[in-house]
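Trainee: Spelled out from the first residue to the last, the chains are:
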Amino acid sequence: MAMPMESPISFTNVGRIRWWQRGIFASQTGYVLLALAVLLVVMHFASPYFFTEGNIQNVAKNFSFIAIATLGVTFVIITGGIDLSVGSMMCFSAMITSMVMTELSAPGSAAGSLFVHMAADGKTVLANVPGLILLVSILAGLGVALLAGLVNGFCIAVLGLSPFVTTLGMLSIVRGLGYVVSNGRGSFPGGPDADYFYALTSGDVLGVPVPFIYLVVLALAMAVVLHHSSFGRHVFALGGNEKAAELTGIPVVRVKIEVYVTCALAAGLQGIIISGWLGSAPANMATSYELNVIAAAVIGGANLAGGIGGPLGAIVGCVLLEVIRNGLVLAQVSSYWQQTLVGVIIILAVLVDRIRSRMI
Amino acid sequence: MTTTEATPVLELTGIGKEFGAIRALHGVDLQVLPGEVVGLMGDNGAGKSTLVKIIAGNFRPSHGEIRFAGSAVHFNRPIDARGVGIEVVYQDLALADNLTAAANVFLGRELKRRFGPFALLDHKAMAARALELFGELRSETRPDDLVKQMSGGQRQAVAIARTRLSNARLVMMDEPTAAISVRQVEQVLGLIHRLKEQGVAVMLISHRMPDVFAVCDRVIVMRRGEKRADKPIHQTSPEEVTALITGAKEAA
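First to last, the sequence lines map onto chains A and B. Heads up: the first sequence begins at 1 in the working numbering, then just goes up one per residue. Heads up: the second sequence begins at 361 in the working numbering, then just goes up one per residue.
Source of the hints: derived by calculation from the structure; they are not laboratory data. Be careful, since some hints might not be right.
What the hints assert, rightly or not - A few chain A residues that face chain B, going by a derived Cβ cut-off under 10 angstroms, partial list only: (1) SER172; (2) ILE173; (3) SER229; (4) ARG233; (5) GLY240; (6) ALA244; (7) GLY307; (8) VAL350.
Just so you know, even glycine gets a beta-carbon here, dropped at the ideal spot from N, CA and C.
I would like the entire structure built from these sequences, with the hints used as guidance.
Mentor: Here it is, written out as structure tokens:
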């Protein structure tokens, strides 16, 4: 089969692309990271409190609260889609998780008797199997996210509806369901496993907030999936040229459904973590967070036209937003300026990228 | 190159296709022999693309039979056609701009290595094989470069390299020279010669008369959904083919 090579291939007319013109150095993620580094240095000199342990912990915790969902939405954005339902999904998953937890922890009820019993004093509720309630309720929360993600994916990949419209509808549907199941009041994690729940969502390990640990683990996993698995390759191909993906035999429908499910699960997990930090899942929780999440992804270099993006960019975008918010507070600027500034940064980041790609 | 006793790699008998009330193809018979380069010509709407799409598995024919290397085949999807050894270079090349040349060559059939329960991409093996293919095609293309930074000729080479991954017996190229520069046209015609040297049959769908006369052994002219001519290239002339395409001459 192999044709004999008369001479090894030589590159007389085709130069090698220099290292600073390829990879991260030539990406929006690269110089937003640079801008972030500069900002950190400026903050250090502007405020003596910025680099204190407490403040860094705060920043790490706060950006972790949107960064996991940003990882999920980045998957969708790379395929050239969009998911507007992440904010509602956070709320609904969190709400279902704490409602199931409360329900299963009621000793009198039919479901509750399987999981808990009363202690000898007749007041304290004890778990039959410690941690089981927590596991079931988190699985329930993620389960509803999975279902909503499947519906999103089915409508977009199989029925061919536009991602924008489908997920806009899902935003409203899921938020509405949250009001319905809680009667508009929201819900609270409760029962014997509530302490585990708080430890797993808002605790820390050796001073590192746990949400940050989850984020790092998930981001590394995402990097491996995107760049070293055929699924990741197909996600990029779908965003680059959907028709080509189809003609080369990539299972386009399956890949699309998978990214929307992944995104919904990430949002659900994020919501559950936030509710642990808040101590409750109010019905209006995470309202309009989808905009922060998408803004962070775009600032970090994900291209809404598809084909470009990654976990590092998602995190850099979230950190930048959080450092600015934190910086404005430390500098005693009114926090109302934050939104305006975020808008300016979104446009600046995309503008700089446009100028750079014209220069090459 | 044309030998009478060889089994045709592709044989169509009585192929017809209707879209509702429109008859796009009618009673097309044709054969392609191994290592033969066949030019398929015709004006817009003559039925060229429909014929190509039937052979590539995009459409099913309403009538007739397709035999590939001697046995009857039925394609439901493009992957089925690829499975038996028919590769297509689409007019728009079907490349993902944001990926590297090697990634595009292996799109949909990535090489993987197993790490315990996970199968991860084997970047090294893919880059090495892609470089080998570009070498065979005499194209100065680096496997790690992004397709969006490439010239038209390089992109064409990437699309053609893709057809060399499997043991393709028939490569169909839809207007490969329509949108590229003169020098790059030379390169593409060179690529077709290399496929022919390998014994691969090539079907070249083109509007450009000089290209067809430069590389093809035989030319087939379509008009109004029917095959109007099927001649060895040295027994015809550009003038005659033009007359056949426009209908000035009914058949030859």
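Trainee: Take the hints in turn and mark each one as holding or not.
Mentor: The hints, checked one at a time:
1. SER172: Since the shortest Cβ distance to chain B is 33 angstroms, the answer is violated.
2. ILE173: violated (33 angstroms)
3. SER229: holds (6 angstroms)
4. ARG233: For ARG233/A, the interface hint holds, since the closest Cβ of chain B sits about 6 angstroms away, which is under 10 angstroms.
5. GLY240: For GLY240/A, the interface hint holds, since the closest Cβ of chain B sits about 3 angstroms away, which is under 10 angstroms.
6. ALA244: It holds, given that the least Cβ distance between ALA244/A and chain B is near 4 angstroms, below 10 angstroms.
7. GLY307: Holds: closest Cβ of chain B sits about 4 angstroms from GLY307/A, inside 10 angstroms.
8. VAL350: violated (17 angstroms)
This entry does not satisfy hints 1, 2 and 8, going by the numbered hints stated previously.
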